[in-house]
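Asks: Put the complex together from the two separate chains, hints included.
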Amino acid sequence: MRRFIVSAVVVSLVTLLVAGVASAAMVKMVVEAGDYFAISPSMAKVVATGAGLGNNDYIQIPLRRPHATSETGPADTGNARYKVNVPTAGVYQLWARTWWYDACGNSFFIIVDAKPAVYVEDATYQTWHWVKGPKLTLTAGQHTIRMQNREDGARMDQFMLINSTQYVPTRVETRTGQYVVK
Amino acid sequence: MLEDVTEPPYALAASLHVTDPAALRLQIVLEQTDADNTYVITCAPRETYVERIVGGKATRIGQSHPFGAFEADSDFELTVRRDAWRIVFVLGREVLAEAWDSTLSGGGVGYSVTGGEIVDPLVQPLGDVYMTDDFMRTQDASSTWEAVSGTWKTQSLRVDEQSDRMEADKSANAFSYWGKSDEGPAIACTGYWFWTDYQVTAAVRVTEADPMGLVAYYQDPQNYVMARWTSALAEGEDADLLQIIGVRGGERSVLAQTHGGHIPGQWYQLQLRVCDGEIQCLVDDEPRLVAHANLFGQGQPGLYCEGAGGVFFDSVAVEDWKVLSDEFAQPAPGKWVARSGDWKHDAGTMLASGSGSRLAVAGMESWQRYWVAVDAEGKGAMGLAVCADASSWYGLRFGTKGSGVSYEGEAQIVRVADGEAQVLASAPAHIASGSSHRLKAVVDDGLITGYLDGKRVLDAYDAGAISGRTGLVADGAGSVRFDNVYLAMIPPKRIARVAKEFTEGDEHFEMQEWASTRAPWLKPAEDGGTWWTKGDYFGDKTIAFEIPNIEAAAGSVRLTLEGTPDEPASGITLMIATTKGSKSITATLLAGSEQLGEQAVEVANAPCSVRFERKGTWVVATIDGNVVFNVKR
Chain S
1 MRRFIVSAVV VSLVTLLVAG VASAAMVKMV VEAGDYFAIS PSMAKVVATG AGLGNNDYIQ
61 IPLRRPHATS ETGPADTGNA RYKVNVPTAG VYQLWARTWW YDACGNSFFI IVDAKPAVYV
121 EDATYQTWHW VKGPKLTLTA GQHTIRMQNR EDGARMDQFM LINSTQYVPT RVETRTGQYV
181 VK
Chain U
1001 MLEDVTEPPY ALAASLHVTD PAALRLQIVL EQTDADNTYV ITCAPRETYV ERIVGGKATR
1061 IGQSHPFGAF EADSDFELTV RRDAWRIVFV LGREVLAEAW DSTLSGGGVG YSVTGGEIVD
1121 PLVQPLGDVY MTDDFMRTQD ASSTWEAVSG TWKTQSLRVD EQSDRMEADK SANAFSYWGK
1181 SDEGPAIACT GYWFWTDYQV TAAVRVTEAD PMGLVAYYQD PQNYVMARWT SALAEGEDAD
1241 LLQIIGVRGG ERSVLAQTHG GHIPGQWYQL QLRVCDGEIQ CLVDDEPRLV AHANLFGQGQ
1301 PGLYCEGAGG VFFDSVAVED WKVLSDEFAQ PAPGKWVARS GDWKHDAGTM LASGSGSRLA
1361 VAGMESWQRY WVAVDAEGKG AMGLAVCADA SSWYGLRFGT KGSGVSYEGE AQIVRVADGE
1421 AQVLASAPAH IASGSSHRLK AVVDDGLITG YLDGKRVLDA YDAGAISGRT GLVADGAGSV
1481 RFDNVYLAMI PPKRIARVAK EFTEGDEHFE MQEWASTRAP WLKPAEDGGT WWTKGDYFGD
1541 KTIAFEIPNI EAAAGSVRLT LEGTPDEPAS GITLMIATTK GSKSITATLL AGSEQLGEQA
1601 VEVANAPCSV RFERKGTWVV ATIDGNVVFN VKR
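Note that the protein sequences, when read in sequence, are chains S and U. Residues in the first sequence are numbered from 1 upward in steps of one, following our numbering. Residues in the second sequence are numbered from 1001 upward in steps of one, following our numbering.
Chain U on its own, in the form it takes in the complex (with noise of 0.2 angstroms):
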């Protein structure tokens, strides 16, 4: 057993050197509390297995494959992954076997090995993917970029025509990241080796018809993932497209590719995605290609580019992208677990066979923020659960005809607690027998929205539907057949905040307006008048602030969704009052001049958090982390 027990997630990282290749058998154990409560990872010649121990019963969970061949005296870069969920194991580059099973936590890591070695283990705690880097720094400053080929510089201002008109103090952005190719690709990377689940982003700008891309899962110069951008002003069979490619061994394999390239001169943002097998590339924030292999399971992320002319690359950042797409093409055992009613891999799908109630989830309990969707297709009613947790769940259903359910030719949103579903929010949905169906759900800190076929049918506010694990669910007479599960979590709320200027206004005045964060707010002309937005706000929109000591003084604060400047009751209004001396907050919530409600909410925390939202078709109104009002409006 290894002597540092890691919490996860972490990676076990070692070298396998085989000696005996008939012999050969590894096991590698984690989260061991005793030998009968482990999972085990076997890989030998013609096999490659996950088993879970639980009380001395061994059960194998998860896919996997074997390893092609080894010979003797060779030696293989291997990797455990584990974290609340997933096991991932890797060994020469090749990701063998994924599980994904929540039973243990929080055991020891070890192994055993027959007919080989393991040299050199190492346990790396694993976190949070993030970085970003706007190459604001001089060109001999240290960065966390390492050019792997051609020539890679920090370039203050352009290098073009005008660039000798130039005053770096006086640009918004004189720094970006510069390279070019001499002989074959040009490559930097930044990260580590253990990145894994994660998208790149970066501006771009070719100055010439040269292709251009980005790099994930980075091993070395011959094996990588990337997506790779031709100018649409370029000549020959490779013009004019965007591919993902993975290279391998040194050799190309393009995993898919679709007309369009760019044009030089042109800025862009240009976004690699990776996970579980899953590689998406984006323009713009425009999904342009998706492809599917288990290409490294790990590695760094970089930036590419072909051809002398050079790229200027910018803003780049790295973050965690996490999805599970599950498309059922070979059983997972241990990936959907059935919390009621029978389930079972048929034919690509997950099948809920037999009537009633049934449910299976997966995922994690951590989960929060996120969308899924599900292709469904059957007799009996059909949905998908989220914020699911060991004893309750949300669930967004349909009830098809002819299955038996009250709930026949409605969706309905509801909460599920020690069996019994409480209805949260409901509207006509038609749903035939037999027939086949897009749903989804989306669920956003308290909000959950339900869609059919694309088309938006309902939603509800329950305070605590904020995270949980997603799930298939089944009800009344009749199978249900799914497949195409996919679930991607909803990217962070920008903010527009309310604070001191970051730019100087005295010295700077020309940039007080454009530069300010207090820009998007208009000045009232009298004190105690309305700030207004600048803008129009659409959608789902948040006001949030704190209050520092609410006892300090007697005040009030009227804040407006929705308002119009030139309708003094227009809106839904939140208003509050602290009393001098007093924890105690009084909170009335009007429609324009009709009072929907008043409450008088006790004070804990200082300082005091207030959030004043639009969530679909609801108003939450939440003081000090209390839910005070929830309105449908």
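Just chain S, with the same shape it has in the complex (with noise of 0.2 angstroms):
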């Protein structure tokens, strides 16, 4: 369940040997979900200090008024895309922190390249948490990653690509501005 790859080193710890662990292994993508490249209306950008964000600012879909009055799908296509250097091909878990307004602002579409749409989505409303989402089987180079709208209310912080089954996001992560093309 914990299964979790990582190399080994070694080194001496107080009068015992240590053995020691590199995450050398480990891809840990991190991007601020205002590092786009591009961003098309509604999706919009705002900044907020002090309201424990990773870079003070996060994407959203405005809350229209009134709000999801029919089935009839997104008003728009409003998306904020991102360019992502992968750095080893291999299947990476994607995570989303994301804050929704409710049980009909609670989902973005997700489209990586040209592959059709995925979305990410739950049900814990009106705080920042985490959303696991789809896995991804990506090639090593450059991904283009469109967030786009599905339902207005909808927030996003930061998302995560992780090339380990195990590791779960709990709180903000460290932006990795190493993998991001801007």
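Think of the hints as simulated: they come from the structure by calculation, not from any bench.
List of simulated lysine to aspartate or glutamate pairs, EDC-like, C-alpha gap at most 20 angstroms:
| id | chain 1 | residue 1 | chain 2 | residue 2 |
| --- | --- | --- | --- | --- |
| 1 | S | Lys135 | U | Glu1146 |
| 2 | S | Lys28 | U | Glu1007 |
| 3 | S | Lys132 | U | Glu1146 |
Replies: As structure tokens, this is what we get:
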């Protein structure tokens, strides 16, 4: 359940030999939602200091009035687009740090390169939290990730791609700017 | 040492592969800045212990017991959890050691082992436990639930004779999660393996007279903790019971049970709480069962049912639930830290011997909004400390007759800083020498309330009483014996907002009244009139709002607590007035027509927060984060 592949090094500790590990095998790409290379309405960036965010900002599909009164789908294709340099080919788990308004404002479409849209969603509302998304098979090199409107009232602070199925983000993650092309 | 350093709270998880049981010696270091300053957990065939090493001096802390028996070529999962106060060592799904210490923080994590090897170590950051699910989604949508056994599905509307007349878009709550047993119990889990100290709550409705329940600390189908509830209409030995059960290796052991089963077709709210070996079960917010067992120490929450009739689950919430429960059954060095006086573990109690002012503290400085209670007996004055930090604390103390303290025959709430006690409130309270009493203190955002044997005795408001450790207090001549400490956090306040309607009233006029969050308020007949709440609010209450830009316009607002609409001069009123172009607010406090005070407040922040509160016997007004009025009224 908690298997995690790491390489080992050895250092001395007190009078004992201490086995150690380096996280060379794990690739964790943390992208600030505000670090897009392009954005189109109705997706919008919001600056908010002191709100427990990764970089004092987030993206959102603003709440509409009336909110969620029909089931006809999103009102527009507003989105934020990111270029991510994947260092190693593999299967990556996607996580998104989100804030949902309610059950009718709790998802984003995710479109990787030209692949069919998938989405992230759960039912924890009005608080920032990590949502587990789909697993993505990615080749090494640059990929475009598009976070797109699915429902109004949805916000995103960070997203993460990680080639470990065991690591679970629980708080704001440290941005890994080396993987992001702006 | 592990390469990635993570700030607490975190969990180190790995597998221990044993090659030579006789030579096995596992050591795990936490918060290590150097070899002379670290925590060390040692696990060997006949011993487990935790040490705090400071300046090269090692001190054993906490409580522990050895692992049963190691065998060659065997594997065990291990977890070490560390937050700002606790250290927990779990091996083979058994809590082997617990320690409490805040001396060291912010160092490296590592391990050494002989007679075995550590496989696949992972440092998992920990955070607040929180998830909710109202199951409001289509039946084929993804979810966070994993069906471990039985049949589980998201269910729109009810499955009964009326269901064909229902329409989802006209239902206030058309969705739920439905499970039934196929062979053996049906279990669905959510959350993560490292979750600990939480409460899982669900609305439940059983179709037939089948057992159902909630699961905590789920490891696998053979290992978990559960609250199991059978039906009052069922037959058999275990009918009409509520049970807390530990399932270990597939074997069930009933840890606690009480009579009173559920009625099929009735909705209930069922809640299971787990923290530090304390397990509680509540039905409709009523505590029904308590058990103590240090099983597993962590694991996923889940839903449980038996039988083929099916059970509906809805409005599931999993939230942090932290308590400090200490019966002093065995010594736990480091858990209670003596700040002054002589303290020792004695005959299953904590004993403050000698004389004079004595204080022992426990917990974390970040604790806010909690209540703490203790059994106390002795000849000295006795009490509890709250909001304790390195240099000051607040105390609820009772002057036992014959103890020689200046407050004999009184209860006092005091603030102690640099050894000097400032009395904030006092009230008569008789405690005979050698008698036994239950003391309780509640700290709630500045308000401290004291209880003696279940009766409220006094309260005091001090803006500084916000957060800090708890403590045991003895004073004067004579020893005091403490037992059965219980500390719990106060649940968050419920909010009735004045906000934009979430329902579009023009399209759904029939829902405008009951579905609107404005519904608690009565609109005045004329402009400038008073908005009154529809209902009466009893006990403590807060009106809170923000002024976006106080310089924008001249104006005033009146906030009234405990008023009567037909009597304009009733209640306590806070009047605040702004002046265009000025950052100054004039605040006036009125009791009926009597002016209690007036203050000019310079506002530094935008928006400017305003809070007007009834807190016990106190009325408190806070503007821009500063307490402007605190009046006993």
